[in-house]
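Based on these hints, arrange chain B on the given structure of chain A.
Number of protein chains: 2
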Amino acid sequence: MLEKTRELIRSKQYNQLKEMLSDIQAPDIAMLLDELTPLEIPLVFRLLPKELAAEVFVYIKNDNQEMLIKNFSDSELKDVFGDLYMDDIVDILEEMPASVVKRILAQTGSETRATINQLLQYGSESAGSIMTTEYVGLKSGMTVKQAFDKIRKQGLDSETVYTCYVTAADRKLLGAISIRTLLLADPDDVIDDIMEDNVISVKTGDDREFVANQMKKYDFVAMPVVDNENRLVGIVTIDDAVDVIEDETEEDFALMAGIQPDDSEDSYLDTPVLVHAKNRIMWLLFLMLSATFTGLIITKYQDKLLTIPILTSFIPMLMDTGGNCGSQSSTVVIRGLALNELSAKDLLKVIFKEMRISLVVGAILAVVNSVRIFIMYHNSTEFATASIAVVVGITLMLTVLVSKIVGCTLPIIASKLRLDPAIMAAPLITTIVDACSILIFFNIAAMLLNI
Amino acid sequence: MLEKTRELIRSKQYNQLKEMLSDIQAPDIAMLLDELTPLEIPLVFRLLPKELAAEVFVYIKNDNQEMLIKNFSDSELKDVFGDLYMDDIVDILEEMPASVVKRILAQTGSETRATINQLLQYGSESAGSIMTTEYVGLKSGMTVKQAFDKIRKQGLDSETVYTCYVTAADRKLLGAISIRTLLLADPDDVIDDIMEDNVISVKTGDDREFVANQMKKYDFVAMPVVDNENRLVGIVTIDDAVDVIEDETEEDFALMAGIQPDDSEDSYLDTPVLVHAKNRIMWLLFLMLSATFTGLIITKYQDKLLTIPILTSFIPMLMDTGGNCGSQSSTVVIRGLALNELSAKDLLKVIFKEMRISLVVGAILAVVNSVRIFIMYHNSTEFATASIAVVVGITLMLTVLVSKIVGCTLPIIASKLRLDPAIMAAPLITTIVDACSILIFFNIAAMLLNI
Numbered sequence: 001m002l003e004k005t006r007e008l009i010r011s012k013q014y015n016q017l018k019e020m021l022s023d024i025q026a027p028d029i030a031m032l033l034d035e036l037t038p039l040e041i042p043l044v045f046r047l048l049p050k051e052l053a054a055e056v057f058v059y060i061k062n063d064n065q066e067m068l069i070k071n072f073s074d075s076e077l078k079d080v081f082g083d084l085y086m087d088d089i090v091d092i093l094e095e096m097p098a099s100v101v102k103r104i105l106a107q108t109g110s111e112t113r114a115t116i117n118q119l120l121q122y123g124s125e126s127a128g129s130i131m132t133t134e135y136v137g138l139k140s141g142m143t144v145k146q147a148f149d150k151i152r153k154q155g156l157d158s159e160t161v162y163t164c165y166v167t168a169a170d171r172k173l174l175g176a177i178s179i180r181t182l183l184l185a186d187p188d189d190v191i192d193d194i195m196e197d198n199v200i201s202v203k204t205g206d207d208r209e210f211v212a213n214q215m216k217k218y219d220f221v222a223m224p225v226v227d228n229e230n231r232l233v234g235i236v237t238i239d240d241a242v243d244v245i246e247d248e249t250e251e252d253f254a255l256m257a258g259i260q261p262d263d264s265e266d267s268y269l270d271t272p273v274l275v276h277a278k279n280r281i282m283w284l285l286f287l288m289l290s291a292t293f294t295g296l297i298i299t300k301y302q303d304k305l306l307t308i309p310i311l312t313s314f315i316p317m318l319m320d321t322g323g324n325c326g327s328q329s330s331t332v333v334i335r336g337l338a339l340n341e342l343s344a345k346d347l348l349k350v351i352f353k354e355m356r357i358s359l360v361v362g363a364i365l366a367v368v369n370s371v372r373i374f375i376m377y378h379n380s381t382e383f384a385t386a387s388i389a390v391v392v393g394i395t396l397m398l399t400v401l402v403s404k405i406v407g408c409t410l411p412i413i414a415s416k417l418r419l420d421p422a423i424m425a426a427p428l429i430t431t432i433v434d435a436c437s438i439l440i441f442f443n444i445a446a447m448l449l450n451i
Numbered sequence: 001m002l003e004k005t006r007e008l009i010r011s012k013q014y015n016q017l018k019e020m021l022s023d024i025q026a027p028d029i030a031m032l033l034d035e036l037t038p039l040e041i042p043l044v045f046r047l048l049p050k051e052l053a054a055e056v057f058v059y060i061k062n063d064n065q066e067m068l069i070k071n072f073s074d075s076e077l078k079d080v081f082g083d084l085y086m087d088d089i090v091d092i093l094e095e096m097p098a099s100v101v102k103r104i105l106a107q108t109g110s111e112t113r114a115t116i117n118q119l120l121q122y123g124s125e126s127a128g129s130i131m132t133t134e135y136v137g138l139k140s141g142m143t144v145k146q147a148f149d150k151i152r153k154q155g156l157d158s159e160t161v162y163t164c165y166v167t168a169a170d171r172k173l174l175g176a177i178s179i180r181t182l183l184l185a186d187p188d189d190v191i192d193d194i195m196e197d198n199v200i201s202v203k204t205g206d207d208r209e210f211v212a213n214q215m216k217k218y219d220f221v222a223m224p225v226v227d228n229e230n231r232l233v234g235i236v237t238i239d240d241a242v243d244v245i246e247d248e249t250e251e252d253f254a255l256m257a258g259i260q261p262d263d264s265e266d267s268y269l270d271t272p273v274l275v276h277a278k279n280r281i282m283w284l285l286f287l288m289l290s291a292t293f294t295g296l297i298i299t300k301y302q303d304k305l306l307t308i309p310i311l312t313s314f315i316p317m318l319m320d321t322g323g324n325c326g327s328q329s330s331t332v333v334i335r336g337l338a339l340n341e342l343s344a345k346d347l348l349k350v351i352f353k354e355m356r357i358s359l360v361v362g363a364i365l366a367v368v369n370s371v372r373i374f375i376m377y378h379n380s381t382e383f384a385t386a387s388i389a390v391v392v393g394i395t396l397m398l399t400v401l402v403s404k405i406v407g408c409t410l411p412i413i414a415s416k417l418r419l420d421p422a423i424m425a426a427p428l429i430t431t432i433v434d435a436c437s438i439l440i441f442f443n444i445a446a447m448l449l450n451i
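If you're matching them up, the sequences are chains A and B in order. One point on numbering: in this note's numbering, the residue at position 128 of the first sequence is 128, and numbering is uninterrupted. One point on numbering: in this note's numbering, the residue at position 54 of the second sequence is 54, and numbering is uninterrupted.
So that you can see chain A by itself, here it is in the shape it has in the complex (with noise of 0.2 angstroms):
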């Protein structure tokens, strides 16, 4: 596609090349148009119609929206913004410098803009900083037909029909009323009669994966939002939930693999590779001087490893099989917490739990590794086998158990402390369940191998 569309440009068969962008979706277009030189973008984009090109303008790349803001005339700037719904404006306009946005503001209407400033205020991870504007609202004591009226003269302009919201004349919010429901309603009834009027809603400043979760749990495609009197003031809708949800599990991932999120929607070629280091270093400096103080153990302990060398050759597997064990147990109870199946009040449950699970698999980890043991060193004179296997096998069992309770502790705890619990992940349970097993594996030895 990308071969063809550059082959058109190039002998300036723009109709051919029209048509065949009239083929494709929106989604596709603005993914061939990132693929495009920066001459290449604004020749191709004006040959779409109005509308498709707002819907295109939308899913194009920062870097290129911001480089067609300052290829546009202010006629087709209105154009294209005149055509968008709010949250897409909204989600734009924050991620331009102050003067794309002085002059994009210059170009819509003072309600418009009145609207967009007040969208903005919202806090960037509140339920009004996704939400729309542009809703169908219902009137109480409208009939079905009126109902049908008011759809057909706000529906080209709002960003969904499938449910209507019912206000009082105060514009509280009274109830909503499915697309499906009025369909199948005779045209004379009161709306008020056949909606739903144990209505769901969130609050503007609400957090907006609080307002994803309640649309999966409930099955929404929409969401009312409404102000601290309860007036409705926007939507949510579906498709922005999905980002929300989205953006939340990355940084969950981010995270748990000691990578410091940040807000940018880049991809990973996209994003320079200054800032993959910067979001990296913090965490690799604070684990690496963490680690330190495993070393200390370590240091401690010398006189003791000399005497049984061999000792040292177990110290990766013992804290290799900790750090597995801390974030096996450490990410179950993270994504537990992140999707509401636990709380902190289960925290003597999970432990409960995780020291019957470390029961079974240490006691499962100690017997295959003592065989392993004695296949390998059955036949050595320097040390008795059957010591060592003994020691390293009650430590595997009492780094499991250790390891487990850590793993599982920490992230209940950060939630308690309201802290992110994946910040409770892998990178940082590993530190700190290593410098525990090097301690229970020598003070084991000591005491089995009055070392």
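Since the hints were derived computationally from the structure, they do not count as laboratory data. Watch out, some of these pointers could steer you wrong.
It does not matter which identical chain is meant; a pair holds if it fits inside one copy or across any two.
What the hints assert, rightly or not - With a straight-line Cα cutoff of 25 angstroms, these simulated DSS-like cross-link-like pairs (lysine-lysine) come out:
1) Lys-150 / Lys-61
2) Lys-4 / Lys-217
3) Lys-203 / Lys-278
4) Lys-4 / Lys-345
5) Lys-203 / Lys-70
6) Lys-145 / Lys-172
7) Lys-61 / Lys-349
8) Lys-78 / Lys-50
9) Lys-217 / Lys-50
10) Lys-153 / Lys-50
11) Lys-416 / Lys-78
12) Lys-349 / Lys-278
13) Lys-216 / Lys-61
14) Lys-18 / Lys-217
15) Lys-61 / Lys-345
16) Lys-345 / Lys-50
Relative to the frame of chain A, chain B by itself:
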């Protein structure tokens, strides 16, 4: 709520309980039921009005669904399952023992039974397995007025009425039309003239993750599913797509923590200890035995370690830093692949990027670590602090480089081999990188310290 429900049951105030339940949304009633005892659940369930009962039934836990089914009379069974959507029925049947499935199928009409059997045959990861057959199908040539008549007739039974699909006489998919377009059109317009004929669809055998990603990409609330002859056979609705995204994400989280994902939808606390242990032990065993390899390397270099014992104390720090760097890289690459931001052909670009990141990150870590060594050991008489700092610094830089290259390469290779890239995550990378970092350390030390 739970307390109040129990109180009302105890005092037999069923009418009041009924009234209380009528103010609660189905998912919340389901959560309430799941907290009650097996004796209370059927009692409360039977208080629900017929339609709400079916809706609630979908949301309750599998165990309780099974218990209720066994409790139902044949006519109750017919009532509940008669009000469910096909995809929900199939979801439930897939979790039930054969005897229960048989009883349910016996209570459904022969046509429904045929559809259910058809749906049960699609692979569990396919589009067919998550689609529903209840959509509004319009015939080519209909007018807008006829379309609305059809919607009114089919609407109650369709899972969504927001997008209707237009088919030819041979059931081939011709186009899609939203209810918004229909509402804004003239009643005498022919739908073929106003429908979107450039319609995106998926095939029954397509992977369900692909379907969910397509819906996210195009912001669809429903996606038509066709067979190999392009005949429309069903639709996937956005709520099911969201569930798929969630499932796949959970699978990745599990794999990336070295846990075997299972298909059960039980929450953490509902999963038995032995199942948890089973899901975790495989990776732990494999990784424990692999870590033996790192131990062997240490054994091989034991003599050198004995010359300068302080070297041992750097092992945890080097292993951890390598592991952390590797899992950072593997996580970003695994997510990039999952979100289709990266593909196998980007391998060289990714490696080049990770190499540059490594240089920045490695240099900073090496400098900070040298400073730390000077501060901690500047009075040492046992070894030359400067040489040790240089050895550890160079090792750190090389370890970061190798870890990041291994971390970014393995997931891409896995995706080339059509394996899930998520298996190449932190635990496996850590084990591989451990061995590398120890090898690098001892070789650099041997070279520079002449041991």
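To see whether the hints hold, each was checked on the structure:
For the identical chains of this complex, Lys-150 and Lys-61 are neighbours neither inside a copy (36 angstroms) nor across copies (41 angstroms), given an alpha-carbon limit of 25 angstroms. When the C-alpha separation of Lys-4 and Lys-217 is checked against a cutoff of 25 angstroms, the pair qualifies only between copies, where the shortest distance is 23 angstroms, while the shortest distance within a copy is 45 angstroms. Taking CA atoms no more than 25 angstroms apart as the test, Lys-203 paired with Lys-278 passes in neither setting, with 35 angstroms inside one copy and 43 angstroms between copies. In this assembly of identical chains, the alpha carbons of Lys-4 and Lys-345 lie at most 25 angstroms apart only when taken from different copies (21 angstroms versus 60 angstroms within one copy).
Taking the shortest alpha-carbon separations for Lys-203 and Lys-70, neither the intra-copy value of 36 angstroms nor the inter-copy value of 42 angstroms comes in at or below 25 angstroms. In this assembly of identical chains, the alpha carbons of Lys-145 and Lys-172 lie at most 25 angstroms apart only when taken from the same copy (22 angstroms versus 35 angstroms across copies). For a Cα distance limit of 25 angstroms, the shortest separation of Lys-61 from Lys-349 across copies, 20 angstroms, qualifies, whereas the shortest one inside one copy, 47 angstroms, does not. Proximity of Lys-78 to Lys-50 under the C-alpha cut-off of 25 angstroms is restricted to the intra-copy arrangement: shortest distance 11 angstroms within a copy versus 52 angstroms between copies.
In the homo-oligomer, the alpha carbons of Lys-217 and Lys-50 lie at most 25 angstroms apart only across protomers (21 angstroms), although the nearest pairing inside one protomer, at 37 angstroms, exceeds that limit. With identical chains, the CA atoms of Lys-153 and Lys-50 are at most 25 angstroms apart within one copy only, with a shortest distance of 21 angstroms there and 37 angstroms across copies. Taking the closest pair of Cα atoms, Lys-416 and Lys-78 never come within 25 angstroms of each other, the shortest separation being 49 angstroms inside a single copy and 46 angstroms across copies. In this homomeric assembly, Lys-349 and Lys-278 come within 25 angstroms of each other (Cα to Cα) only across copies, at 20 angstroms, whereas the closest approach inside a single copy is 39 angstroms.
In the homo-oligomer, the alpha carbons of Lys-216 and Lys-61 lie at most 25 angstroms apart only across protomers (17 angstroms), although the nearest pairing inside one protomer, at 28 angstroms, exceeds that limit. Taking the shortest alpha-carbon separations for Lys-18 and Lys-217, only the inter-copy value of 22 angstroms comes in at or below 25 angstroms, while the best intra-copy value is 43 angstroms. Within a single copy, Lys-61 and Lys-345 get their C-alpha atoms only as close as 43 angstroms, which misses the 25 angstroms cut-off; across copies the closest is 21 angstroms, which meets it. Within a single copy, Lys-345 and Lys-50 get their C-alpha atoms no closer than 55 angstroms, and across copies no closer than 35 angstroms, so neither meets the 25 angstroms cut-off.
The structure fails to meet hints 1, 3, 5, 11 and 16 from the earlier list, while all remaining hints are met.
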